[in-house]
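A.B. asks: Please put together the full structure from these sequences, using the hints given.
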Amino acid sequence: MPSHIRGIRWLLVLALLALGEVASRSGAVDPAVLPPVTAVVRAFAADAAAGEVLPHVEATLRSYAQGFGLALAVGIGLGVLMGALPGCYGAGRILLEFLRPIPSVAVIPIAILLLGIEFKMRTAVVFYAALWPILLNTMYGIYDVDPAYVDTARIFGRRRGNILRVVVLPAALPYVFTGARIASAIALILAVTAEMVAGSSGLGYYVKSAEMSLRVEEMYGGILLTGILGYLLNAGFVRLERRALRWHRGFTGQLAAG
Amino acid sequence: MGARARWLEGVAGWAVLALALLTWEAAARLSPSRYVPPASQVLATFREVMLSGKVIAGHILPSLRRMALGYGIAVVSGTILGGLLGYWGALFHVVEPVVEFLRAIPPPVLIPFTLLLLGLGDAPKVLVIAFGCLWPVLLNAIDGTRNVNETFKDTARLFGRTSPEIAWQVVVPAALPQVFAGMRTSLSLALIMMVLSEMIASSDGVGYFVLHAQRTFDVPAVYSGILLLGLFGYAFNRVFVRLEGVMLHWHRGYTAKRL
Numbered sequence: 002m003p004s005h006i007r008g009i010r011w012l013l014v015l016a017l018l019a020l021g022e023v024a025s026r027s028g029a030v031d032p033a034v035l036p037p038v039t040a041v042v043r044a045f046a047a048d049a050a051a052g053e054v055l056p057h058v059e060a061t062l063r064s065y066a067q068g069f070g071l072a073l074a075v076g077i078g079l080g081v082l083m084g085a086l087p088g089c090y091g092a093g094r095i096l097l098e099f100l101r102p103i104p105s106v107a108v109i110p111i112a113i114l115l116l117g118i119e120f121k122m123r124t125a126v127v128f129y130a131a132l133w134p135i136l137l138n139t140m141y142g143i144y145d146v147d148p149a150y151v152d153t154a155r156i157f158g159r160r161r162g163n164i165l166r167v168v169v170l171p172a173a174l175p176y177v178f179t180g181a182r183i184a185s186a187i188a189l190i191l192a193v194t195a196e197m198v199a200g201s202s203g204l205g206y207y208v209k210s211a212e213m214s215l216r217v218e219e220m221y222g223g224i225l226l227t228g229i230l231g232y233l234l235n236a237g238f239v240r241l242e243r244r245a246l247r248w249h250r251g252f253t254g255q256l257a258a259g
Numbered sequence: 023m024g025a026r027a028r029w030l031e032g033v034a035g036w037a038v039l040a041l042a043l044l045t046w047e048a049a050a051r052l053s054p055s056r057y058v059p060p061a062s063q064v065l066a067t068f069r070e071v072m073l074s075g076k077v078i079a080g081h082i083l084p085s086l087r088r089m090a091l092g093y094g095i096a097v098v099s100g101t102i103l104g105g106l107l108g109y110w111g112a113l114f115h116v117v118e119p120v121v122e123f124l125r126a127i128p129p130p131v132l133i134p135f136t137l138l139l140l141g142l143g144d145a146p147k148v149l150v151i152a153f154g155c156l157w158p159v160l161l162n163a164i165d166g167t168r169n170v171n172e173t174f175k176d177t178a179r180l181f182g183r184t185s186p187e188i189a190w191q192v193v194v195p196a197a198l199p200q201v202f203a204g205m206r207t208s209l210s211l212a213l214i215m216m217v218l219s220e221m222i223a224s225s226d227g228v229g230y231f232v233l234h235a236q237r238t239f240d241v242p243a244v245y246s247g248i249l250l251l252g253l254f255g256y257a258f259n260r261v262f263v264r265l266e267g268v269m270l271h272w273h274r275g276y277t278a279k280r281l
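One line per chain: the protein sequences are A and B, in this order. Just so we're aligned: 205 in the working numbering is position 204 of the first sequence, and the numbers increase by one with no gaps anywhere. Just so we're aligned: 203 in the working numbering is position 181 of the second sequence, and the numbers increase by one with no gaps anywhere.
Some clues are possibly wrong.
[To be verified] Covered, in the sense of this in silico footprint (three residues per stretch, anywhere, with C-beta under 8 Å from a C-beta of chain B), are these stretches of chain A:
1) 46-53
2) 102-109
[Said to hold, decoys possible] Counterexamples of contact, computed for chain B against chain A with all Cβ distances above 10 Å:
3) A49
4) E70
5) S74
6) A145
7) L161
8) D165
9) N171
10) A178
11) W190
12) L198
13) P199
14) A203
15) I214
16) S225
Treat the hints as calculated values from the structure; they're not laboratory data. We put the CB at the ideal spot given by N, CA and C, even for glycine.
C.D. replies: Below is the structure:
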């Protein structure tokens, strides 16, 4: 990317922020709807300094991390079983086809009935929503492994377990990562939604209660912080993926270069 | 896989489903929990309540209307914007940080903002659905437009086509399969966005219906609402696949012939 474009893109961000500030201060838009950026930062920083923000960030991250981590373990485990053993695939397929179309947020009311309105419920909901992309991608990843790889390993006298570990799993890894990245974004959406629907902590709760008590600056601060959190989680994921799959891309690149 | 193995696999799948339903029914009848109603009761409630005129007119139709509007706005604006940003790559680089940040915001957290901006009624929910569905369409449209085979464009140019002609006759058709892939991802997101926006801020719609049923402990209604949403998800996907087949049949045909 040319360096002058790199400059322009950050100028654009600044210009947008400045535009918001001016529009609000001049009264072109109602400050009660869109307060000046500086007022948002000031009010939100004051709230954060009073210790009113960090516990909510922790609460959101906790249900996100617990639910997502559990989904990784179960999703990859089941995905490997269903991808590698045709019997497991056959047994689970119809059940999967029935459960998959249900929009994940719809399970929130059941989760509230069974698990209450706090952490247990939110973690369970995040887990359920994050499970599907991971499970399906792992399964398809293993399904899509070039049979020639497996045959080659078999000719060289490898055993089934060894082939799975050395050949099949690495070949399926890019799929698993894609599934996990999609699942991570959905996990955050579900965590926030569950906090807005029920319970008394988390960023979703913070934003909703700020809106209901008409603390508009704090509301915008919470929205921006949630966006930053989502951005950082995604950026971290992309970086991790790039590092873990370096061999993969390098390999593909060499082949393409001939 | 032989025909026999495939047959066995199919039988195993349906057997597991039947077993799951039976286990559910038995567990619900035996268990003291009133939060897990038997499957038969859920089906009865589904027939009586979900398919009643009151619920269809009061909840199901408003939900479908919002979803169709939000999804439609996302598809149209995402395709047009994505086509432009893909065509002028420099423009995309300039707006990229803004796009990346907006895309990272979980849509539900924007609901209070849309309420403030647009008041009550359909508009804030439609906006949230459109916002949530925009990104897969937009990014796929950008990617699809950028990755059009240069040879196609050069060939068209060689045959004396003007730039608008090339855009319309070469770039758009070549990018279309990827736009459709984005639209498919967005379709399942649209259903999720519809439900969550109605759960967080609404007094009608299927999302509201389900949450309200939970709050009034009408447990069979909760489950039958979820069943309806599952059927929606299944039906939308089927219709989309059919539509995609009609719209892109030239593409598949072409590829298949080449192979």
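A.B. asks: Which numbered hints are broken by the structure, listed smallest first?
C.D. replies: 1, 15
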